[in-house]
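Residue numbers (this note's numbering), protein chains in the order written: chain A, 1 to 179; chain B, 1 to 298.
A couple of the hints might just be wrong.
These stretches of chain A come out as covered by chain B in the derived footprint (C-beta under 8 Å, 3 or more residues) [to be verified]:
1. 9-20
2. 41-50
3. 72-80
4. 127-137
5. 151-159
Partial selection, computed: residues in chain A whose CB lies under 8 Å from chain B [as the list claims (entries may be wrong)]:
6. I24
7. I61
8. L69
9. L93
10. I110
11. A111
Here are the in silico distance ranges between beta carbons for each label pair [unchecked claim]:
12. A:L137 with B:E106: 39 to 45 Å
13. A:D32 with B:V22: 34 to 40 Å
14. B:P247 with A:Y92: 40 to 46 Å
15. A:F105 with B:D246: 27 to 33 Å
16. A:V17 with B:D246: 14 to 20 Å
17. B:L218 with A:V17: 36 to 42 Å
18. B:R71 with A:V141: 28 to 34 Å
19. B:L218 with A:P152: 28 to 34 Å
20. A:S132 with B:V22: 31 to 37 Å
Simulated from the structure, these hints should not be mistaken for laboratory data.
All values reported here derive from a predicted model rather than from experimental measurement.
Ideal placement from N, C-alpha and C gives every residue a C-beta, glycine not left out.
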Amino acid sequence: MADLARSGLWVMRAIYVAFCLLVILAHLLPLDTLPRGWAPPDYLIAFTFAWALRRPDYVPILAIAGVFLLADLLFQRPPGLLAALVVIGTEYLRIRFAGLRDASFAGEWIAVCVMIAAITLANRLTLSFVASTLPPLAPSVIQMVLTMAFYPVAVLLSQSVLGVRKPDPRQAETLGARA
Amino acid sequence: MAKDRSQTDDYATPLRRLLLAVVALVLFGVFLIWRIDSPRVERFRAQVTDRVVPNMDWAMAPVTATINLVRDYQSYQRLSDQNRELRNELRQMQAWKEAALQLEQENARLLDLNNVRLDPRLTFVTGVVMADSGSPFRQSVLLNVGARDGIVDGWAAMDGIGLVGRISGIGQTTSRVILLTDASSSIPAVVQPSGQGALVSGDNSSAPALDFLESPDLVRPGDRVVTSGDGGVFPAGLLIGQVAADPAGRLRVRLAADYERLEFLRVLRHLGTEKIEDPGSVVVPEALDLSDVERPDG
């Protein structure tokens with residue numbers, strides 16, 4: 001039984017990484033080479049937060065770091081910066097909120113919004129601090145807001161399609177014992 | 001509630017904190033190294049792209065093709081409208097074609113009269129666009145030709161008509177083209193009838209701005225913008241586009257290349273323009289004699 005649970009855990013971790021690779025691949029499709037005045041939501045951040053707040057054991061730190069570093073490298077972003085911010089942000093959310101099963105979704109959403117805003121701000125501040133070129137302001141603000149708006153959709157998709165739900169109390173006990 | 005607390009504590013074990021600290025430090029380290037020694041990390045980035053993206057190509061190519069197929073189908077629905085438009089355009093084009101033929105003959109005659117030698121070494125490698133930058137903040141595409149095919153940083157990439165961008169970042173089998181619309185792209189150019197020098201600098205909009213014009217009064221919307229070849233990076237005379245004025249009155253370049261759909265790009269082999277470096281020395285009689293002696297029949 002424990003073995004089954006353990007292999008299920010690794011399957012879900014693999015699904016997380018595979019899903020992220022799929023999102024990166026979709027971004028790289030050469031469909032839209034004209035510059036746009038807006039930016040789509042950062043799907044990777046939304047899904048990572050949704051998973052980390054539901055089943056922290058599905059998204060280990062190393063997987064998040066690897067996925068976001070790869071995204072940084074492939075998307076021509078400053079490598080490592082956003083990855084580090086997302087890893088720290090996810091870990092903070094995980095420590096603060098992952099245990100609170102009975103917390104309302106609204107509270108969770110607000111916390112995630114604050115964290116997304118903090119990551120965007122920290123990203124820009126760090127870039128300006130090291131005197132690097134900043135991404136244009138308007139699209140980054142649009143991206144931040146759209147990511148916040150997309151978060152409930154990410155939660156819904158993860159819960160209904162990928163089956164990432166908060167563990168019920170009985171499961172939580174065994175989980176707690178394992179962690 | 002007590003149970004929750006204990007779970008929280010479990011997740012915040014010292015080991016976990018240590019892992020977090022190490023991972024965060026490593027990532028920030030990568031960022032700092034990138035900031036300090038950018039070329040090295042950019043080479044690493046090109047290598048990673050070179051390893052990863054061709055592996056995804058088997059999945060990306062069919063998806064891209066399917067989506068383009070759907071878009072084409074949507075355009076079929078407007079077929080009759082398009083047909084009418086095309087027929088109108090064709091009539092205009094035939095007039096232009098006549099003009100072009102006459103101009104071509106005239107041009108050939110004039111070139112002949114002037115004894116002009118066009119650069120015979122300007123050949124090209126054609127590559128297929130594999131991926132775009134994936135980020136709304138950077139404008140670039142990835143080609144499936146790289147160091148293996150002899151591509152060199154800085155070479156110009158064109159579609160059939162106009163300049164598209166410049167090579168920046170080369171892997172073994174892939175290379176990245178920074179498009180003219182990218183915020184970090186600026187190309188020295190000449191506005192054609194008036195011969196004004198300017199800089200075509202991208203700003204993440206679909207029409208790059210025309211900066212550093214000497215006298216903007218001499219430039220009108222509709223003028224042709226071509227590369228000037230200053231700086232020796234690009235060959236001179238590649239078509240970039242036409243001047244247009246945006247609503248704010250700022251001069252921009254409407255690009256000649258079809259940015260809507262970049263599929264095949266030509267990378268121009270440019271072996272550099274030769275430079276004359278020494279100012280020339282006085283011709284002394286000895287040198288004259290020596291050259292006379294060395295001549296076989298002299």
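Going through the hints against the structure:
Check on the segment 9-20 of chain A: 0 of its residues sit with their Cβ under 8 Å from a Cβ of chain B, so the three-residue criterion for coverage is violated. Against chain B, the segment 41-50 of chain A contributes 0 residues with a C-beta closer than 8 Å to a partner C-beta. That does not satisfy the three-residue criterion, and the hint is violated. Given a C-beta distance limit of less than 8 Å, the hint that chain B covers the segment 72-80 of chain A holds, as 8 residues qualify and 3 suffice. Given a C-beta distance limit of less than 8 Å, the hint that chain B covers the segment 127-137 of chain A holds, as 5 residues qualify and 3 suffice.
A stretch counts as covered by a chain when three or more of its residues have a beta carbon under 8 Å from one of that chain; for the segment 151-159 of chain A and chain B the count is 0, and the coverage is violated. Evaluation of the A:I24 hint against chain B yields a held restraint, the C-beta minimum of about 7 Å falling below 8 Å. Checking A:I61 against chain B: minimum C-beta separation of about 5 Å stays under 8 Å; hint holds. Annotation: A:L69 was flagged as interfacial toward chain B, and the flag holds, the nearest CB pair being 7 Å apart, inside 8 Å.
For A:L93, the suggested interface contact is broken, since its CB lies about 11 Å from the closest CB of chain B, more than 8 Å. Interface hint status for A:I110: violated, as the beta-carbon distance to the closest one in chain B is roughly 19 Å, over 8 Å. Hint status for A:A111: violated, given a least beta-carbon distance of 15 Å to chain B, over 8 Å. Range check, A:L137 to B:E106: Cβ separation about 51 Å, and the 39 to 45 Å hint is violated.
Restraint check, A:D32 to B:V22: a C-beta distance of roughly 38 Å satisfies the suggested window 34 to 40 Å. A hinted range of 40 to 46 Å for the beta carbons of B:P247 and A:Y92 is consistent with their spacing of about 45 Å. Look at A:F105 against B:D246: about 45 Å separates their beta carbons, and that is not inside 27 to 33 Å. Under the hint 14 to 20 Å, the C-beta atoms of A:V17 and B:D246, about 44 Å apart, miss the expected range.
In this structure, B:L218 and A:V17 break the distance hint of 36 to 42 Å, their C-beta atoms being roughly 58 Å apart. Restraint check, B:R71 to A:V141: a C-beta distance of roughly 30 Å satisfies the suggested window 28 to 34 Å. Judged by the Cβ atoms, the range 28 to 34 Å given for B:L218 and A:P152 is violated: they are separated by roughly 56 Å. At roughly 24 Å, the beta-carbon separation of A:S132 and B:V22 lies outside the given 31 to 37 Å, and the hint is violated.
In summary, the numbered hints that this structure violates are 1, 2, 5, 9, 10, 11, 12, 15, 16, 17, 19 and 20.
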